[in-house]
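Using the hints, position chain S against chain R.
Protein chains: 2
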Amino acid sequence: MEFVTGTKQAGTLELGELMQKDMTGREVRVNGAVHTIRDMGNIAFIILRKREGLVQCVYEEGVSKFSLKDLKEAATVEVTGVVVESEKAPNGIEIRLGELKVLSEPAEPMPLAVSKWKLNTSLEAKLNYRPISLRNIRERAKFKIQEGIVRGFRDFLYREGFTEIHTPKIGARSAEGGANMFRLDYFHRPAVLQQSPQFYKQMMVGVFDRVFETGPVFRAEKHNTKRHLNEYTSLDFEMGYIDGFEDLMAMETGFLQFTMKLLKEEYSKELKILGIELPQTEKIPAVRFDEIKKLVSEKYERKIRNPFDLEPEEESLISRYAKEEWDADFVFVTHYPTKKRPFYAMEDPQDPTYTLSFDLLFRGMEITTGGQRIHDYSQLLAKMEKRGMTEEGMEQYLSAFKHGMPPHGGLGIGLERLTMKLVGEDNVRETTLFPRDMSRLEP
Amino acid sequence: MEFVTGTKQAGTLELGELMQKDMTGREVRVNGAVHTIRDMGNIAFIILRKREGLVQCVYEEGVSKFSLKDLKEAATVEVTGVVVESEKAPNGIEIRLGELKVLSEPAEPMPLAVSKWKLNTSLEAKLNYRPISLRNIRERAKFKIQEGIVRGFRDFLYREGFTEIHTPKIGARSAEGGANMFRLDYFHRPAVLQQSPQFYKQMMVGVFDRVFETGPVFRAEKHNTKRHLNEYTSLDFEMGYIDGFEDLMAMETGFLQFTMKLLKEEYSKELKILGIELPQTEKIPAVRFDEIKKLVSEKYERKIRNPFDLEPEEESLISRYAKEEWDADFVFVTHYPTKKRPFYAMEDPQDPTYTLSFDLLFRGMEITTGGQRIHDYSQLLAKMEKRGMTEEGMEQYLSAFKHGMPPHGGLGIGLERLTMKLVGEDNVRETTLFPRDMSRLEP
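Chains as they are written, first to last, in the numbering used here: chain R, 1 to 443; chain S, 1 to 443.
Treat the hints with caution; some may be incorrect.
The list treats identical chains as one, so a pair stands whether inside a single copy or across any two.
Stated by the list, open to error - Below, simulated PhoX-like cross-link-like pairs (lysine-lysine); rule was C-alpha separation at most 25 Å, straight line: (1) LYS340 to LYS261; (2) LYS8 to LYS283; (3) LYS226 to LYS386; (4) LYS261 to LYS283.
If you are wondering where the hints come from, they were derived from the structure by calculation, not from laboratory data.
Here the structure is a predicted model, which means the values were calculated and not measured.
The shape of chain R in the complex, shown without the other chains (with noise of 0.2 Å):
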């Protein structure tokens, strides 16, 4: 029996430890994977590939004790060497390299190069070789910028008091679009994959009063776009004791504040690495449905076809008037059309037809849905009843409502649709680790 009494201090260094002023001319230990060898005769670079980022490891025949022969790119080593300021090395400084040994030897050359700044290879092919492609230093810093994306939603909304809660994906059925679920067996009971927290969320409101959660939903639409994914990463929260929707577009905005800040401090490597410029968040213009609509359409000549709901086109365009008019990367659009809405969503009182809600176009893309919720339970029968749903397998959420619910109302924000226009990728695949879309079930 030995004691373990916590994290061990390890041998050897990460880059931001290396990077340190008073290490020049420190021999110090070193390991990281092999990301590519330039050999120059009696000199060589080995860059190693580390959590941090690239550090430049240098060769030198006669004074180095290894065979540069043997060595391959891929492998893992760990090395010893001094370190050298260097202003051409990638991070400022380089390892004079003394001994190297191998941990482990890749069996095959790498399919793709991925030691190339820019990756030149199709999404397609990316995609297939998913954890071989996300070697490469930029399509790795897009999913540290997701990474800082989720922190400052939940670090934002701790500091807010909302409580993160985690609900169940598996469930017996749901009152939203049922044909849009993907149905399993569960002990020979049919079941389904929850395609939003939504229900649970409300229901948690009446216990927590502000709730979160981030994590997985299931969307069997059969859409084939660059901008629809069948399962993704939703930033949900639901908050209690509202005065009115615009509380929940303010904590939105207090959370993209946060994060473009977090962004900011803490991963300016990745931006920089991604020439990310991060958008204004200050002030977001919001403005009514139907009058971006007739904003949109007299400035840019296009016929409003649809009436209830707004086309892809359309987003593109009213995020154009929001940069040209307000000089505004986000921009709130209000009060969506009732038919257009589940029945769960609050009515404007002053005009039925529209709903309390909205959702958050980012550069041409609608990145949350949210709005107040109907909070009275008789109100809520009601609609439920004009929409000619039954009460059947809803008698949990319905109870919540039947023993007293505060006035609330939340959002769902897509992860990976935000880290796109973030990073300034055009296919939502781009920032999303591992795709589940018609067509793509692996890896």
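Same frame as chain R, but now just chain S:
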């Protein structure tokens, strides 16, 4: 068009704000759910439930400007009143009520007495009425503790250089235990729900060196016990460049130390409500599987029936042994038999009938399985062949190894089990927000 500029200052106060010293004597606005009403005649105590706890409000006939008889338990309200110190009140203060505005009303009386200190009802009833039963302060507190555990896991791992990933839950197939997977139809192709992010996190070690995920996993196991769920939240990490599996146990110990500190500092209210004494995590004993089996068998005079696995009773006795002999709440059991571990587990070079792996037991129950993995491609292929496995469907997983992977390992922690043992429950459903088991698919 209007601009949204970020979170607004709410006009109403939360409990923490009300409890500040300089609030005494001030008039405040507060909202909340009417947890209970105690009518004493000319005076009445109205307890409001807020997200941070309970607030006692005092109605005085003639002074308060509303009619008490119209007020119902479970209504949500907004009140104005003056803050007064009060030793007997739940958090040392009470509000002498002026006005009260009803925000929403229940349609029926509560089915459970949630305002009682202990909710005196069966687990079955609690789960059937989940959105109601969780309004009980003690029931709710368990899930705040659960939040703290997940926060601790993430915050600790961010600090240790891990990257958070989001891997798909729908997959084509999996090499691990196909019989225990839920099957679904994915656009006319057979698919399964992932029972672990194992393969994905391993592949991502080749990209980010260290990764973690907190998300749902699905097990179609036909267990109906107090410790099994068919869907649960798994806290997973995987780390590269390890010197041995001891590094993983050290990292887990670091997580536990970090999290207990976080709970103590930021969840003290909930710890107090539940009467939780935090376990000791300074040093956790680690003992070999074969050794502890023998020790326990001798000390408690229990015959070893299955030399390859631990029976639940044995887990319980091992924890008892660790408590009695080493004053430990946690105990690592290392070197599990190879035949009981998956193909990717690394065998002990000293004796290949055992693996470089471990479980962590906490107060009598396994809450973690982890270990070092095979990182060499040919070794992995050989092991698969030995087990009669084909490469079909595993091409991408294997390609990560074919193209070089560092020595690595990882673990998975069952969130609901860890919460259960921490708060002192004996059924994992008590610490699962909406449990899924063989007979429960709702709510």
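Comparing the hints with the structure gives:
Taking identical chains as interchangeable, the C-alpha atoms of LYS340 and LYS261 are never at most 25 Å apart, the minima being 35 Å within one chain and 48 Å between chains. In this assembly of identical chains, the alpha carbons of LYS8 and LYS283 lie at most 25 Å apart only when taken from different copies (13 Å versus 46 Å within one copy). When the C-alpha separation of LYS226 and LYS386 is checked against a cutoff of 25 Å, the pair qualifies neither within a copy, at 36 Å, nor between copies, at 43 Å. In this homomeric assembly, LYS261 and LYS283 come within 25 Å of each other (Cα to Cα) only inside a single copy, at 15 Å, whereas the closest approach across copies is 38 Å.
Hints 1 and 3 from the earlier list are contradicted by this structure; the remaining hints agree with it.
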